[in-house]
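Participant: As a plain string of letters, each chain reads:
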Amino acid sequence: MLLQQLVNGIVAGSVYALFALGFNLVLGALNILNVAQGAIFTLSAFVAFYLIKLYEVPFPLALLLATIAGGLINVALEILVFRPLRGRGGTSMSTLVASIGASMVLLSLAQKISGAQVERFPFETLPEVQWSFGDVRLSFIQALVLATTVVVMIGTYVLLNRMKLGKAIRTMAFNERIARMLGIPTGIVACWTFFISGALGGLAGVLLGLMFNSVHFLMGEPYVLKGFAAIVIGGFGSVIGVIVASMLIGLAEVFSIVIGIGTFRDVVIFGMLFSFLLFRPNGLFGRDEELRP
Amino acid sequence: MTGLYAKFVSRARTGVLATAMAVGTAVAGMSGAVAQEIKIGVPLSLSGPVAFAGTKMKDAMDLAFEEVNNSNFLGSMKLVPVYADDMSSQPQGINVTQQLALRDQVSAIVGYTASNICQASLPVAQEFKVPTLQGDCVVPGLNKIGEYVYSAVRPSDSFVEQLVAKVTPLKQFKTAAVLYQRENPVFAHLLGVITEAFKKQGVKIVATEAITSGADADFSAQLTNIAAAKPDVLAILLLGGQVGPAMVQARQAGLDTTLFLGEQNFDSSEVRRVAGKAAEGSLYPSHWFAASPLEANKKFVEVYRKRFDRDPDTFSANGYNAVWMMAQIVKKAGSGDREAIRQAMETIGEMDTIFGTAGKTSFEDRLVSLTPFFFQVKADGSVEQLQ
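If you read the sequences in order, they're chains A and B. Counting from 1, one number per residue, gives the positions in the first sequence under the numbering used here. Counting from 1, one number per residue, gives the positions in the second sequence under the numbering used here.
Hints should not be assumed to be uniformly reliable.
Capping the alpha-carbon separation at 20 Å, the derived lysine to aspartate or glutamate pairs in EDC-like fashion look like this [what the hints assert, rightly or not]:
1) Lys171(B) <-> Asp104(B)
2) Lys230(B) <-> Glu124(A)
3) Lys53(A) <-> Asp59(B)
4) Lys277(B) <-> Glu128(A)
5) Lys112(A) <-> Asp59(B)
6) Lys277(B) <-> Glu124(A)
7) Lys53(A) <-> Asp62(B)
8) Lys112(A) <-> Asp62(B)
Please keep in mind that the hints were generated in silico from the structure rather than gathered at the bench.
Construct the entire structure; sequences and hints are all you get.
Facilitator: So, in structure tokens, the structure goes:
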């Protein structure tokens with residue numbers, strides 16, 4: 001049973017990681033805590049669900065289109081909400097409030113579309129295969145989530161450290177004005193950052209909807225706070241940090257149930273968050289800021 | 001005197017209601033007189049985690065208000081619903097109750113979706129002396145709030161106790177487990193009720209696991225613990241939107257032959273649609289079922305299907321039934337005066353309903369009297385009534 005719970009914890013952590021990586025990208029690069037990421041997660045799941053249910057689109061194509069839709073919704077938010085605010089010298093508080101508003105608009109849209117009902121992907125969307133290794137069971141969708149997390153983690157790391165766009169994002173994260181002085185087209189880079197972030201959120205939404213057999217308009221909400229906790233614990237802007245912290249959160253949740261304190265699992269998670277904020281505010285892998293005297 | 005009058009009104013109403021529901025919209029507009037508008041507050045959870053139930057209630061309540069008004073059931077009176085969204089939140093439930101009582105000056109309230117919101121809001125309705133018929137909350141104790149608060153549904157505890165007593169010898173359960181949502185007062189209360197009910201039948205509780213909130217979707221860790229205990233039956237005490245996913249995840253966790261048992265919210269096409277074959281064998285009680293042969297129910301199901309292109313479920317039935325009960329109460333009161341409506345609730349006696357086998361109910365200790373049906377889900381997703 002312990003091995004099975006270990007698998008459960010890693011799978012749960014993988015979903016948090018997929019969500020938090022996109023969240024972290026925008027926060028790290030543009031200093032925007034985009035809580036509408038939860039709504040994008042939800043809307044993308046709905047896009048895939050309706051493509052498959054109504055138009056019988058094959059799953060890989062529906063997943064791709066839903067991922068792109070997540071990215072495009074986030075780009076729309078950047079252009080309509082965040083960029084105008086930045087242009088007027090908006091603070092991180094004003095962008096946070098704006099993202100809460102955007103989130104409410106998107107969630108209302110999701111509720112309207114779905115009639116607030118809980119849906120599930122059609123039964124044959126993915127092979128209903130389950131492998132058993134002794135007492136441990138692993139379903140096809142769980143394996144898919146694990147594999148996707150590994151691919152996304154490597155992809156994000158390569159993007160940020162090896163590609164021109166990633167270097168531009170990191171430069172913007174350091175200082176947007178300096179990036180502009182260096183000739184980086186910050187508007188385009190910001191759009192790409194939002195696109196990748198939304199796409200990652202969308203990817204996570206579809207996979208989670210499939211894994212837990214539940215697609216509903218509030219499905220992304222629990223992930224916003226957990227995603228934020230993963231970023232704080234892992235360290236702002238650190239890909240490895242976010243992955244490690246997400247796994248820690250997934251495992252802490254599962255093992256709090258194993259040891260019989262499941263009803264306090266949120267206390268455990270947010271206790272961890274609080275402790276990091278108090279004693280190691282830069283997180284596990286975050287670097288200390290050096291300020292010029 | 002009152003008894004005779006109540007009997008007379010009841011008989012007259014039975015005929016009128018049946019005719020009215022059959023005649024439908026035909027009578028509408030025939031009277032040239034200006035209708036007396038009676039504002040009825042309708043607080044529902046139309047957004048937030050309980051919106052899956054509140055929106056279904058609203059659809060059916062819209063239908064019922066239309067039928068009441070178009071059929072001329074209330075003569076020169078007309079019910080005007082004033083909807084308010086409590087956003088599945090207790091503070092907002094209190095706010096909208098205050099608004100309906102003070103700002104909108106409603107004559108009565110019919111509605112509410114979630115039990116925790118009923119617990120918070122109904123004392124406010126009592127305080128402002130607004131006669132209130134709650135239509136969906138199944139937590140016990142609401143009938144003790146005061147003389148202005150009545151319930152159109154019964155608490156689920158006695159239904160669940162009866163279900164356990166009925167099915168345990170039938171299915172020969174030896175061990176049981178419970179998965180419940182701890183922040184919801186109905187489920188927190190039902191945990192104790194169902195545990196006692198199983199113990200009374202000699203069934204050993206081998207695992208009890210909690211989930212934190214109504215927004216949770218991942219129950220794999222709790223179900224892995226439960227699967228290790230190999231129970232014969234698993235009681236699932238979660239929100240309706242969580243029941244289907246929990247059933248599927250339970251099968252994935254290895255509970256291949258365990259039967260699921262629950263309360264009224266199992267009675268939903270949504271649960272069966274999401275759970276698919278995982279729901280096979282599930283057992284639940286309900287005061288209503290779509291296939292009930294009562295004429296009023298057959299008409300409700302037919303009209304609902306035609307209007308919304310889906311089957312009604314318990315939430316829809318609760319909403320529809322509560323509006324028609326309120327219409328009968330207002331008819332007896334003869335006006336929109338709050339005190340007259342309260343007195344009518346107290347003295348109304350027998351009422352027509354789409355619930356139960358006889359199509360009749362009355363208030364006992366401010367609760368409707370209802371006898372539950374018991375059901376089991378079959379392999380093809382259809383439902384059979386347990387005799």
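Participant: Holds or violated: are the alpha carbons of lysine 53(A) and aspartate 59(B) at most 20 Å from each other?
Facilitator: Given pair lysine 53(A), aspartate 59(B) is violated - Cα atoms ~24 Å apart, limit 20 Å.
Participant: Taking only the CA atoms, is the gap from lysine 112(A) to aspartate 62(B) under or equal to 20 Å?
Facilitator: It holds: about 17 Å lies between the C-alpha atoms, which stays within 20 Å.
Participant: For the pair supplied as a hint, lysine 277(B) and glutamate 128(A), confirm whether the alpha-carbon distance does not exceed 20 Å.
Facilitator: holds (13 Å)
Participant: Is lysine 53(A) within 20 Å of aspartate 62(B), Cα to Cα?
Facilitator: Distance ~29 Å between lysine 53(A) and aspartate 62(B) Cα, so the pair is violated.
Participant: Are lysine 112(A) and aspartate 59(B) close enough, with their CA atoms no more than 20 Å apart?
Facilitator: This hinted pair holds, its Cα atoms lying about 14 Å apart.
Participant: Against the 20 Å threshold, does the CA-CA distance of lysine 230(B) and glutamate 124(A) hold or violate the hint?
Facilitator: violated (28 Å)
Participant: Is it true that the CA of lysine 277(B) sits at most 20 Å from the CA of glutamate 124(A)?
Facilitator: Answer holds: lysine 277(B) to glutamate 124(A) is near 13 Å, not above 20 Å.
Participant: Is the hinted pair lysine 171(B) and aspartate 104(B) satisfied, with a Cα-Cα distance of at most 20 Å?
Facilitator: Between lysine 171(B) and aspartate 104(B) the Cα gap is close to 53 Å, so the pair fails against 20 Å, i.e. violated.
Hint check: violations occur at hints 1, 2, 3 and 7; the rest are consistent with the structure.
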